[in-house]
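Could you build all of it, start to finish, from the sequences and the hints given here?
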Amino acid sequence: MNESRQTRADYAYFQTMTTRWMDNDAYQHINNAVYYSFFDTVANHYLIEAGVLSITKSPVIGFIVASSCNYKKPIAYPAKVDAAFRVNRISTSSVEYGVAIFAEGDDEPAAFGTFTHAFVDRTSGKSVPIPAETR
233 MNESRQTRAD YAYFQTMTTR WMDNDAYQHI NNAVYYSFFD TVANHYLIEA
283 GVLSITKSPV IGFIVASSCN YKKPIAYPAK VDAAFRVNRI STSSVEYGVA
333 IFAEGDDEPA AFGTFTHAFV DRTSGKSVPI PAETR
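According to our numbering, the sequence shown holds residues 233 to 367 in order.
Think of the hints as simulated: they come from the structure by calculation, not from any bench.
Only true hints are included.
Ranges of calculated distance between the beta carbons of each label pair, as one might list FRET restraints:
(1) Tyr309 to Ser356: 37 to 47 Å
(2) Ser356 to Ala308: 39 to 49 Å
(3) Ser356 to Ala258: 35 to 45 Å
Every residue gets a Cβ at the ideal spot worked out from N, C-alpha and C, and that includes glycine.
What follows is the structure, encoded as structure tokens:
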């Protein structure tokens with residue numbers, strides 16, 4: 233897939249979010265750091281809904297070890313956005329997610345990127361294989 237030509241059809245899961253006044257920066261658009269918050273929220277929301285993550289009880293948890301974001305066009309408060317999520321790649325102990333933010337009604341993302349969870353034992357913090365039930 234050509235990463236710069238993504239559309240909604242390239243994603244499997246969506247969560248609608250409302251931007252907040254504090255999300256805008258001095259340039260009158262959503263600050264770049266807020267997009268990472270949207271990415272983190274949609275990923276964890278999906279994992280919890282899918283039943284593969286219990287924030288307080290899962291013995292194996294994912295730590296973000298890499299992330300990226302490509303900004304295509306600005307969004308400004310007030311706005312509703314659709315945060316999109318998919319799994320790009322799964323290895324033995326990590327998974328790379330594809331994430332994107334779409335302005336309400338827009339088919340092309342305002343921003344898109346990736347982040348990688350490395351799975352670790354909650355108690356020891358050591359790398360472990362992704363549990364079969366999580367895959």
